[in-house]
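Trainee: Residues per chain are reported as follows:
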Amino acid sequence: MQGSNGAVERVLRYLEAVKNDNPNINAIVDIDEAGVLDAAASVDKQTSSDRAGSLAGTVFTIKSNINVKGLRASCASETLKNYVAGYDATVISRLRDAGALIIGTANMDEFACGSSGETSCFGPTKNPAAPDRVPGGSSSGSVASVAAGFCDASLGSDTGGSIRNPASHCGVAAIKPTYGCVSRYGLIDLAMSLDQIGPIAKDTVTLAEVLGVIAGHDPRDATSIKNGGASSYSKNLNDDLSGLKVGVAQEFEPLTDPKIMDVINKKIELLEELGAEIKGVTLPHLGNALPTYYLTMFVEFFSATRKFDGRRYGKRIEAVCGREVLRRIEIGRYISQKEFSGRYYKKALQFRSLIKKELLNALKDVDVIVGPTVPKLPHRTGETIDDPLTMYAYDVLTVPANLAGIPAGVTPAGKVDGVPVGLQIQGKPLGEQTILNAMHALESANGGRR
Amino acid sequence: MKTIIGFEIHEQIATKTKLYCDSPTDYRDAAPNTNVCEVCTGMPGSKPHPVNQEAIDAAVEIALMLDCEIVKDPIYIQRKHYDYPDLPSGYQRTSLPIGKNGSLGGIGIWEVHLEEDPGKYEPKSGKVDYNRSGVPLVEIVTAPDITNPEDGRRFLRELVKVLQYTGKVKTEGGTMRTDTNISLEGGARVEIKNINSVKGAYKALKFEITRQKNLRKRGHAVKRETRAFVEAQMITKAMRTKEEADDYRYIPDPDIPPLLITDSKIAEIKSKMPETPQMKEKRFASEYGIKLGDANVLASELELANAFEKVAKEVEADHAARWIVRDLKRVLEYNSLTFKGSSITTEQLVELFNMIKSHEITVKTGQKVIEMLAERPHSPRKIVEELGLGKIKEDHVVEEAVKDALAENQKAVDDYTRGNPGALNYVVGQVMRKTKGRADPSTVLKMLKEQIK
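First to last, the protein sequences are chains A and B. So the mapping is simple: our numbering equals the position in the first sequence, first residue as 1, plus 1101. So the mapping is simple: our numbering equals the position in the second sequence, first residue as 1, plus 71.
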């Protein structure tokens, strides 16, 4: 940051924007004005003494399911409404060490259970890019706070598309990293084998910078990959796509709104113009991804919520949670019974390894697989979706990356009826750099951003 | 009526830190909830660190000592869900078997696996102390090969010995917990929980056999149920029936990659592992030519067995064995000490046993000195000198005592002269008393015989 109070001035500008627009957008739950100004002042001090970190002065919101010491980690739930984090998640200590500034905690679907941003106990988040539509979810506030200009970047979590879905609907850049690339230590669980923290930003350079800071082995997370995650993503950004093998699955088109497909196809053509080689791939098990995902998630979520038994955190989760959270807990409780052993969770694990094998096989022939992120546009605000299966269908194209543990980025591709649509780029395990390069090349071809 | 008994034994592994975090394992002396962190209290968002390697190695060693095959396939850590105030996350983490198909003293060992201890809940105050939460446990499951409480007790004693031999389990008392399954031929299986000692297990089995027999005599069937042992009353009480049994909804813990135990790891552990007490016993008997019963006592504690072997290098083995088994062991038990816990050294023992062997001191004095070794870190010779316990060298002092004893015990002398040679031993004893054990008994006997003639 330039100047000796650059960071403070920047924060003040963002605080102004938050005060003006957040009451309408409802992207931020708790604003930490005193804390962020304090941190900005010390960043300014370091900048003048030339000891600035790589994210010095970059302003963040943090999804409310990530522990930020001293702030509420509420998961936008009645259950944890009064839970103040007693420790920093690993990603938060890494952000702080790099000079990042946390302006507040972001709204979300309750316990990350939702794809619309409507199930928060603090009320729904609005879509800054399409005011009559939902923003998507569950990282609704994280994405909306970036799209609304409340911050430079945000951290969200992605279990079945929770970062990519709203990023697509709100027109920002985001990436779900390889499972184990970013530490989950301090992330409140939805489904442990699928959850992954990832960054959201207005542009790919910032996105790559943030990912470089939060990625890398964490000895406190047993699923963290050793030697995984580079710190140099932004330095290594490369727009030259010549020779890049881009896979397109024939299974995407029949599932997707034709108008969305048109926007996506234009981007695929652009990739070809930029030197990429387009190849057809086939993913016959794509149709099994949704049930596999949901059965796995129900059981893991049931297990993860057993600690909210009303003894330590005020209220028993089943007594105070919303309908979607309750539905997931109760289905999880039901299908994990001993008498069903082997029929649901174990079968889901078997299908999961099948889907993973299929995706990894497809990725042997190509560097990335590109396609739509969400098969349909977000619904209009106020329009209630009662059928859970209709709601779950939003996730059909995003869950495979979580099931396979592979990275997947989203970059704005265009608009349909004025609503942003994002291109999803899935890559090989630890292939974040390749994804970021493609995202950046598309951005540059559009003359900078979007 | 045939009785079928099996055990599930839990013992704490003596690691410095807990199974899934860096918090210290000391929960006895620390103030409540001081040796805790966000992991072992299950704070939202906390994740288990990778499994404590020291605990895995200890479980492998214990499994090997129990003659188990080590599982080479990936070993998953499971979540066992149940709702209780001492469980911070609503589930306990328990591994699938690390070792299988072992045996100890003819009793089959089905499996050995790792678990974490929950916190401690005080129902009266409603308070929970999480200092114990996450302390590593090894669980040993036996085959139902035991047929009576006496064999059960013998097995548990042998098992405790094996566990202590490894040096990998907590040795302070009261950390062992045993669940017992028991059924009488043709009857339902009953599980007894809350047993905290070998003696408790024995008492619980005795009570339960009588209870089940009496039920049958009165024409009632034994219910399949879980019962709790009430130590204060030495009885078992119904906890829950099979219909009420918990469904633990086991799932492999998604937060923890499965364990893989390699051949080279097993070889490394085997190379450092002590001989089992059972093997040691047999070797002592044949190598040192001592009685199997004495060898059993010597092998009861690893440090004691090692001390014996060291002493036997410098003192005749059967002399050393006799003194350790008969006298040292008595002194240790009287003071409730293990050899390791006492300050007695092998140097002291060698010196003392040599002084006895060379008749420098009497047997009586030897016994006195060994009692003092438990309290004094001095050399036996110094103790003897300081306390004036050396053998009486001046014959006239002994002669005096002999004369007195004869005068005071005319009846015994008469018995002796009438042909009862045993009567003289009594007089010898009286002389020894007068000389405080410092006279040489063979000299005393010689003098007595001369005087009576």
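No lab work stands behind these hints, which were simulated from the structure alone. Honestly, I wouldn't trust all of these hints.
Claimed, not checked - In silico DSSO-like pairs for lysine-lysine, Cα to Cα no more than 27 Å straight-line:
| hint | chain 1 | residue 1 | chain 2 | residue 2 |
| --- | --- | --- | --- | --- |
| 1 | A | K1416 | B | K191 |
| 2 | B | K453 | B | K524 |
| 3 | A | K1439 | B | K294 |
| 4 | B | K232 | B | K288 |
| 5 | A | K1458 | B | K464 |
| 6 | B | K191 | A | K1447 |
| 7 | B | K171 | B | K264 |
| 8 | A | K1327 | B | K336 |
| 9 | B | K482 | B | K520 |
| 10 | B | K362 | B | K384 |
| 11 | A | K1182 | B | K362 |
As the list claims (entries may be wrong) - Part of the chain A face toward chain B, derived, beta carbon under 10 Å:
| hint | residue |
| --- | --- |
| 12 | A1174 |
| 13 | E1179 |
| 14 | F1223 |
| 15 | E1401 |
| 16 | F1409 |
| 17 | T1535 |
To be verified - Simulated coverage check for chain A against chain B, where a stretch passes if three residues somewhere in it have a Cβ under 8 Å from a Cβ of chain B:
| hint | region |
| --- | --- |
| 18 | 1165 to 1173 |
| 19 | 1267 to 1277 |
| 20 | 1288 to 1295 |
All residues carry an ideal CB built from backbone N, CA and C; glycine is no exception.
Trainee: Given A/E1179 as an interface hint, is its Cβ closer than 10 Å to any Cβ of chain B?
Mentor: 14 Å, violated
Trainee: Below or equal to 27 Å on CA atoms is what counts here, so check B/K453 against B/K524.
Mentor: At roughly 40 Å apart (the allowed maximum being 27 Å), B/K524 and B/K453 break the hint.
Trainee: For A/K1327 and B/K336, compute the direct alpha-carbon distance and say whether it is at most 27 Å.
Mentor: It holds: about 21 Å lies between the C-alpha atoms, which stays within 27 Å.
Trainee: Check whether the Cα positions of A/K1182 and B/K362 lie no farther apart than 27 Å.
Mentor: 71 Å, violated
Trainee: Is the shortest C-beta separation between A/E1401 and chain B less than 10 Å?
Mentor: A/E1401 check passes; min Cβ-Cβ to chain B is 6 Å, inside 10 Å.
Trainee: Hey, B/K362 versus B/K384, does the alpha-carbon distance stay inside 27 Å?
Mentor: Given pair B/K362, B/K384 holds - Cα atoms ~18 Å apart, limit 27 Å.
Trainee: Using a Cβ cutoff of 8 Å, are there at least 3 residues of the region 1267 to 1277 of chain A near chain B, or does the coverage claim fail?
Mentor: Violated: only 0 residues of the region 1267 to 1277 of chain A have a Cβ under 8 Å from chain B.
Trainee: Holds or violated: B/K191 with A/K1447, Cα cutoff 27 Å?
Mentor: Not OK: B/K191 and A/K1447 at ~33 Å, beyond 27 Å, violated.
Trainee: Check whether the Cα positions of A/K1439 and B/K294 lie no farther apart than 27 Å.
Mentor: At roughly 22 Å apart (the allowed maximum being 27 Å), B/K294 and A/K1439 satisfy the hint.
Trainee: Does the region 1165 to 1173 of chain A contain three or more residues whose Cβ lies closer than 8 Å to a Cβ of chain B?
Mentor: holds (count 3)
Trainee: Are the Cα atoms of B/K232 and B/K288 separated by 27 Å or less?
Mentor: 39 Å, violated
Trainee: Against chain B, with CB atoms and a cut of 10 Å, does the hint on A/F1409 hold up?
Mentor: 8 Å, holds
In summary, the numbered hints that this structure violates are 2, 4, 5, 6, 11, 13, 14, 17, 19.
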